[in-house]
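For chain A, the structure is supplied; the task is to place chain B on it using the hints.
From first to last, the protein sequence lines are chains A and B. For the working numbering, add 1 to where a residue sits in the first sequence, where the first one is 1. For the working numbering, add 1 to where a residue sits in the second sequence, where the first one is 1.
Keep in mind the hints are simulated off the structure, nothing from the lab. This structure is a prediction, so every number in the text was calculated from the model and none was measured. Hints are not guaranteed to be accurate.
Straight-line Cα separation of at most 27 Å, DSS-like style, residue types lysine-lysine; simulated pairs [said to hold, decoys possible]:
| no. | chain 1 | residue 1 | chain 2 | residue 2 |
| --- | --- | --- | --- | --- |
| 1 | B | LYS524 | A | LYS365 |
| 2 | A | LYS541 | B | LYS114 |
| 3 | A | LYS541 | A | LYS524 |
| 4 | A | LYS542 | B | LYS542 |
| 5 | B | LYS326 | B | LYS365 |
| 6 | A | LYS231 | A | LYS114 |
| 7 | A | LYS480 | B | LYS480 |
| 8 | B | LYS541 | A | LYS114 |
| 9 | B | LYS326 | B | LYS231 |
| 10 | A | LYS480 | A | LYS524 |
| 11 | A | LYS524 | B | LYS524 |
| 12 | A | LYS326 | A | LYS231 |
| 13 | B | LYS542 | B | LYS480 |
| 14 | A | LYS480 | A | LYS541 |
| 15 | A | LYS542 | A | LYS524 |
| 16 | B | LYS541 | B | LYS524 |
| 17 | B | LYS114 | A | LYS542 |
| 18 | B | LYS114 | B | LYS231 |
| 19 | B | LYS524 | B | LYS542 |
| 20 | A | LYS114 | B | LYS365 |
Below, each chain spelled out in residue letters.
There are 2 protein chains.
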Amino acid sequence: MTQTAAGCELVFLPLGGSGEIGMNFNAYGYGSADDREWIIADCGVLFGREANTPGVDVIMPDIRFLAEQRQNVLGMVLTHAHEDHIGAIAHLWPQLRCPLFATPFTARLIEEKLAEAGLDEEVAVTVVPISGHVVLGPFEIDYITLTHSIPESNALAIRTPLGVVVHTGDWKLDPEPLLGSVSDAPALRKLGNEGVLALVCDSTNALSAGHSGSEAAVRESLISLIAGLKGRIAVTGFASNVARLQSIAHAARAAGREIVLVGRSMHRIVNAARDVGCLTDFPASVSEDEAVSLPPDRVLFLCTGSQGEARAALARIAAGEHNIKLGRGDTVIFSSRIIPGNELAIFELQNRLAALGVSVLTEKDHFVHTSGHPCRDELEQMYRWVRPHIAVPVHGERRHMEEHAQLARSLQVPEAIVLENGQMLRLAPGRAQLVDETPAGRLHLDGRILVSEGDGYARARRSLGFAGLIAVTLVLDHKGRIAAEPTILFEGIPDPVRQPVNAALGEALRRHNPRRADEAALKEVVRLAVRRAAANAWGKKPVTRVEVIRL
Amino acid sequence: MTQTAAGCELVFLPLGGSGEIGMNFNAYGYGSADDREWIIADCGVLFGREANTPGVDVIMPDIRFLAEQRQNVLGMVLTHAHEDHIGAIAHLWPQLRCPLFATPFTARLIEEKLAEAGLDEEVAVTVVPISGHVVLGPFEIDYITLTHSIPESNALAIRTPLGVVVHTGDWKLDPEPLLGSVSDAPALRKLGNEGVLALVCDSTNALSAGHSGSEAAVRESLISLIAGLKGRIAVTGFASNVARLQSIAHAARAAGREIVLVGRSMHRIVNAARDVGCLTDFPASVSEDEAVSLPPDRVLFLCTGSQGEARAALARIAAGEHNIKLGRGDTVIFSSRIIPGNELAIFELQNRLAALGVSVLTEKDHFVHTSGHPCRDELEQMYRWVRPHIAVPVHGERRHMEEHAQLARSLQVPEAIVLENGQMLRLAPGRAQLVDETPAGRLHLDGRILVSEGDGYARARRSLGFAGLIAVTLVLDHKGRIAAEPTILFEGIPDPVRQPVNAALGEALRRHNPRRADEAALKEVVRLAVRRAAANAWGKKPVTRVEVIRL
Numbered sequence: 002m003t004q005t006a007a008g009c010e011l012v013f014l015p016l017g018g019s020g021e022i023g024m025n026f027n028a029y030g031y032g033s034a035d036d037r038e039w040i041i042a043d044c045g046v047l048f049g050r051e052a053n054t055p056g057v058d059v060i061m062p063d064i065r066f067l068a069e070q071r072q073n074v075l076g077m078v079l080t081h082a083h084e085d086h087i088g089a090i091a092h093l094w095p096q097l098r099c100p101l102f103a104t105p106f107t108a109r110l111i112e113e114k115l116a117e118a119g120l121d122e123e124v125a126v127t128v129v130p131i132s133g134h135v136v137l138g139p140f141e142i143d144y145i146t147l148t149h150s151i152p153e154s155n156a157l158a159i160r161t162p163l164g165v166v167v168h169t170g171d172w173k174l175d176p177e178p179l180l181g182s183v184s185d186a187p188a189l190r191k192l193g194n195e196g197v198l199a200l201v202c203d204s205t206n207a208l209s210a211g212h213s214g215s216e217a218a219v220r221e222s223l224i225s226l227i228a229g230l231k232g233r234i235a236v237t238g239f240a241s242n243v244a245r246l247q248s249i250a251h252a253a254r255a256a257g258r259e260i261v262l263v264g265r266s267m268h269r270i271v272n273a274a275r276d277v278g279c280l281t282d283f284p285a286s287v288s289e290d291e292a293v294s295l296p297p298d299r300v301l302f303l304c305t306g307s308q309g310e311a312r313a314a315l316a317r318i319a320a321g322e323h324n325i326k327l328g329r330g331d332t333v334i335f336s337s338r339i340i341p342g343n344e345l346a347i348f349e350l351q352n353r354l355a356a357l358g359v360s361v362l363t364e365k366d367h368f369v370h371t372s373g374h375p376c377r378d379e380l381e382q383m384y385r386w387v388r389p390h391i392a393v394p395v396h397g398e399r400r401h402m403e404e405h406a407q408l409a410r411s412l413q414v415p416e417a418i419v420l421e422n423g424q425m426l427r428l429a430p431g432r433a434q435l436v437d438e439t440p441a442g443r444l445h446l447d448g449r450i451l452v453s454e455g456d457g458y459a460r461a462r463r464s465l466g467f468a469g470l471i472a473v474t475l476v477l478d479h480k481g482r483i484a485a486e487p488t489i490l491f492e493g494i495p496d497p498v499r500q501p502v503n504a505a506l507g508e509a510l511r512r513h514n515p516r517r518a519d520e521a522a523l524k525e526v527v528r529l530a531v532r533r534a535a536a537n538a539w540g541k542k543p544v545t546r547v548e549v550i551r552l
Numbered sequence: 002m003t004q005t006a007a008g009c010e011l012v013f014l015p016l017g018g019s020g021e022i023g024m025n026f027n028a029y030g031y032g033s034a035d036d037r038e039w040i041i042a043d044c045g046v047l048f049g050r051e052a053n054t055p056g057v058d059v060i061m062p063d064i065r066f067l068a069e070q071r072q073n074v075l076g077m078v079l080t081h082a083h084e085d086h087i088g089a090i091a092h093l094w095p096q097l098r099c100p101l102f103a104t105p106f107t108a109r110l111i112e113e114k115l116a117e118a119g120l121d122e123e124v125a126v127t128v129v130p131i132s133g134h135v136v137l138g139p140f141e142i143d144y145i146t147l148t149h150s151i152p153e154s155n156a157l158a159i160r161t162p163l164g165v166v167v168h169t170g171d172w173k174l175d176p177e178p179l180l181g182s183v184s185d186a187p188a189l190r191k192l193g194n195e196g197v198l199a200l201v202c203d204s205t206n207a208l209s210a211g212h213s214g215s216e217a218a219v220r221e222s223l224i225s226l227i228a229g230l231k232g233r234i235a236v237t238g239f240a241s242n243v244a245r246l247q248s249i250a251h252a253a254r255a256a257g258r259e260i261v262l263v264g265r266s267m268h269r270i271v272n273a274a275r276d277v278g279c280l281t282d283f284p285a286s287v288s289e290d291e292a293v294s295l296p297p298d299r300v301l302f303l304c305t306g307s308q309g310e311a312r313a314a315l316a317r318i319a320a321g322e323h324n325i326k327l328g329r330g331d332t333v334i335f336s337s338r339i340i341p342g343n344e345l346a347i348f349e350l351q352n353r354l355a356a357l358g359v360s361v362l363t364e365k366d367h368f369v370h371t372s373g374h375p376c377r378d379e380l381e382q383m384y385r386w387v388r389p390h391i392a393v394p395v396h397g398e399r400r401h402m403e404e405h406a407q408l409a410r411s412l413q414v415p416e417a418i419v420l421e422n423g424q425m426l427r428l429a430p431g432r433a434q435l436v437d438e439t440p441a442g443r444l445h446l447d448g449r450i451l452v453s454e455g456d457g458y459a460r461a462r463r464s465l466g467f468a469g470l471i472a473v474t475l476v477l478d479h480k481g482r483i484a485a486e487p488t489i490l491f492e493g494i495p496d497p498v499r500q501p502v503n504a505a506l507g508e509a510l511r512r513h514n515p516r517r518a519d520e521a522a523l524k525e526v527v528r529l530a531v532r533r534a535a536a537n538a539w540g541k542k543p544v545t546r547v548e549v550i551r552l
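In isolation and in its complexed conformation, chain A is listed as follows:
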C-alpha cells in the first residue's frame, strides 16, 4: 500500500439514503480531520408524501457541511440516472459548483435537467466511457458495469492510498439484462482477490429472499400475455426502464400491434437512449393521432403514470381527459411495482379503469415486473466476490439496512455498520469508527423554493390540514380600547364550531380592561378563549392566531 501522510484518514459520510430509499448522497473524504478532500457519489431526491409533507413534491439532503467546504469537493460521480440518484443535481449543484462525471446515458439525462434549470452553460459534465476511469485527487475511480432497471448502472471501485472501497450504486444480477452487458463479475472478483476495504451496498431488497429475476423472463411473459389479449392494450411502467420499454415494444410487434408512446417521459427516455446508442432495436412508433384510426387490436399504448400520478397520461386516460379512450374489452397492464406510499393513488386509478370496464393486470396476478435491486441471494453473491473487511449498508430504510448488516455478519464480514445520514465513519486506518456527526437534514422543494425541513412550513401546513385555522383581528384605539367589531376567520372548521367561538370571543372582549392589560396579554387571553371554545365544541384544537391593528 502506498505510503500515507500521518493523520490521513479515509472516511465515508452519507448525507442521504441512509434511512430512506431515496435522496442518495454519499461522500468519501480523504485527508486529515482538518483538511479532507471529498468526492460525492450520487445526488438524488426523495418524493414527498401528501400525508407527511403536504405540498412538497421532492425532498433532498441538506448538504451544508460539504457546501461550506466546497473548495475541497473534487467532483461528483454519478452511478446511474434514476431520480433518487441524480434528481437533486440541478437544485444542489449551485452550492457545490464541482465537476460531474457520468456514463453517456446518465450524462445525457443530467444535461437535460441542467438545461431545464438554465445551468447547462455553467456545469461541466464529463462523459465517462463504459468501464471508464476517473481520477480526482487521491481517489482513483473505476466504473464497473452492473445490471439494474435502467441502462448504464455502475458500481464505483474507489481506490485510495488507504484501500479500495466498492460503492455499488443500485444493482441486481440479471443474467439477461437485454440492454447493456451483464454485471462485470470478473472485475468484482478481481477486486475481491486484491482486497477490498469496504463494500457500500444497496439494501433495498435485503428483506426479500431469493433472486430478483431477469428482464428476459419478464419479456417472455409479456410476449405471451400480450399475444393473448384482444381490444386496446395500454401498458404503464417506469419510463427509465428502457429494457422493459423495448420488451413491451417487441411484445406489441409480435402481436401485430403498433406501439404508441404516451407521455412526455416516454419520449424523452426513448430519445435519449437512442441518441447515446444504448437502444438500437426499438420499433418505430406511431403518433397518438395516427393510433386513433387503428383498429383496437392493432395498437398498444406505452404510458406514463404507473404510480397513479394525477397529471400523467394514464390518469388522464382513466379520467376521460385524453385523446386516447379505453373501455370495456380493453386492458391496462401495470408493468411496475407499487412504490410504498402510492397505494391509494394507484388503487384509485385502477378503480377508475375498472369502472370503465377495462381489465387491469398487475404484478400481483401476472408476471409483468421484476425488481431492479438485489435480493438476499444476490447480496450473498456480491459479498462472496468482494469479501470486504467492512460492510456499510446504504440505500434503505433502517429495517432494510439492519437486515443487510445482519446478512453481512452471517457471511463473516468482520465489521458491518449501519449509519444514519450525517454520521461520518472512518474506514481506515484502524477499526471502522464513527468520528463525527455532521449537520444532516432534509431540504424541501416547496413550490419553487428550497427550504429546510426544520423551517417547519410543511409541518405547519400539516397542522392546518388536521384542524384548520381560526384567525381573529382586533382593532384597538390609542388607549387600547376595542375600537371596532373584530373579524374572525374560520378555515376548514365545521359550522357548528362558529357560534361557541364567537360567543367566547365576545365574552373575552367584554372582560377586556384597557387599563389593566397590555396588547400581548389581550392577544393571549383572546387566543386561549377562542381555542378552548373550539376544542370544547369540536374535540380538536385549530391553529389559532390573534392579530391587533392599532388606530
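Only chain B this time, still in chain A's reference frame:
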C-alpha cells in the same frame, strides 16, 4: 312462492361498501315504490386517511334516504362485530331509532359502543342465538354460521315473498377456524337446492387466486416460530381476531412464556369473548407490572398497534414511551396484514424497532397471518353451493367488484351487477334492474362533529395543507378610506414569499380610490394581487382571504 300484492318489489340498496372496503351499509326494501319496508344489514365505518381526508378519523355513509322514512325501517341486522360493519351504529342510530339484532359476541361489543356514546338506555339490542332466526315484517332472516377473522361471522338468508337473498357478510372457508363452528355448508347447499334469487357477497379478495388458508395452519406456524426465538417477544395483530390471540397465547405457553395483554382493545376483546363464552381456552395472562420482573425469554407481549397507530401500545413501546422496553435480541412479530394506506406508518414503526436492534418478522417473510376473506376458489365454492340467479358483489373497491362480477359470469350466474352506493336495484319481480338513484354520500366524523363530505371541511383543510394561507385584514373608515396599517397573516408559507406579497398589497392599496371602489371590489382587488404575488414568488397558490373592518 307466496302470493304477492300487485306492484310489490324486492329491492337492494347499498349506501356504503359498494366502492370501498369499509362502511358497509346495505338495505333491502320490500313493497311498492311508494311504500317500502326496509331492513338494514350492517352499519360500519371506513377509516379516514390523512392524505385524502386530513383530520377525519372515521367516515360513514350518508343515510338520509332511509332516515327520512325511518318509520319504515324495521330493524338493523348485524352480521359480525368488525368496525366496518358495526362502527357507525352509535353515530347513525339516532337517525333511525330502529331495533338491532346480533349474535352474542357482536351484541356485546355493540352494547359497549352504545354505552360509551350514552345510548345504551335507549337502544334495544336483541341477542340472536347462533344459527338463529329473526322476523321483521315481510323479511324472515336466518343467521348462517360462516368463518372469518372474528368470532361469530354470519351470512343472512333473507326470505321474502319474492324470493331468497343470501347476504354473506364477511367470510372465508376455514376448515379449522379454531373458535366456533366451520362454515355451515349444509345450510348454504340447502338454500341453493331450494333456489336463491340473489347472492350479495364479499369481494375483498376477488383479485386473489386460490384459497385464503386456515387459522389452524397459522397456529402451527406461530408455535414453531415462537419456540425458536430467544429474548423478549411482542406479537401485534388485530385484537378482534380472537382465534389468533388464542393461537399466540398457546404458542407462548408452549414455549414456556407468560402472556401479557398490552393495549386497551386486547383486554376489551378477550374479556368480551370470554364473557359470552366463545373463548373458553385462553391461558391466564400476567399484568404488565408482573411481566417486567420476568426473564426476557419467559414473556410474550400481545400488543395493539399493528397498523402503526401512533397512540397504540406498540408505537409507544417503539418510541420508548412505555413501561415495556424492547431492544437488541428481542423480536416483534406482525401477525397481521398491511391495510392499504397504512404502509408508511407501519414502515416507520418497523424502522424504529429496527433502530432499537429488534428483529421484525412479518407475513412477507414468515407465515404468521391469513386473510379472513374468500379468495377466488372460495368464491367459486360459494357460487356452486348457492347457485343464485343474480350476483351482487359488495364489500369492495370497484376493481374488486368488477373482478367478482366477471367471476360470477364465468360460473354461469345469469346476472351479475356491480352497483355504486345509492343505486337501488330491483331484484324481483322480473329482470334485475336499476330503479332509482338515492342520495348517497359520506359523512365525516370531524373531531366530535358529524359533517357531510359535501360540506368540504376536509377538502378545505387539504388545500391549506397543500399551499397554506394568506389572510389580509383591512380597516376602512366611514368614507371607505384605509384607516390603519393592514395586517397580513402567513400560515405555512415560506419566508421568501412575504416580501413580494407585502409589496403587492401595498401597491394594491396605493391604487385604492374610495370614491371609485366599493368594499367587495376592494377585497377582490387585494385578494387577486396577493394571490398573484404569492404564485409568482412561490409557484403555488395559497388560500387567500381578505377581511374588512369598518370603523
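Hints, verified against the model:
no. : hint                : result
1   : B/LYS524 / A/LYS365 : violated, 54 Å
2   : A/LYS541 / B/LYS114 : holds, 21 Å
3   : A/LYS541 / A/LYS524 : holds, 21 Å
4   : A/LYS542 / B/LYS542 : holds, 25 Å
5   : B/LYS326 / B/LYS365 : holds, 25 Å
6   : A/LYS231 / A/LYS114 : violated, 39 Å
7   : A/LYS480 / B/LYS480 : holds, 23 Å
8   : B/LYS541 / A/LYS114 : holds, 21 Å
9   : B/LYS326 / B/LYS231 : holds, 15 Å
10  : A/LYS480 / A/LYS524 : holds, 16 Å
11  : A/LYS524 / B/LYS524 : holds, 25 Å
12  : A/LYS326 / A/LYS231 : holds, 15 Å
13  : B/LYS542 / B/LYS480 : violated, 32 Å
14  : A/LYS480 / A/LYS541 : violated, 35 Å
15  : A/LYS542 / A/LYS524 : holds, 17 Å
16  : B/LYS541 / B/LYS524 : holds, 21 Å
17  : B/LYS114 / A/LYS542 : holds, 25 Å
18  : B/LYS114 / B/LYS231 : violated, 39 Å
19  : B/LYS524 / B/LYS542 : holds, 17 Å
20  : A/LYS114 / B/LYS365 : violated, 38 Å
Violated hints for the displayed structure, listed by number in ascending order: 1, 6, 13, 14, 18 and 20.
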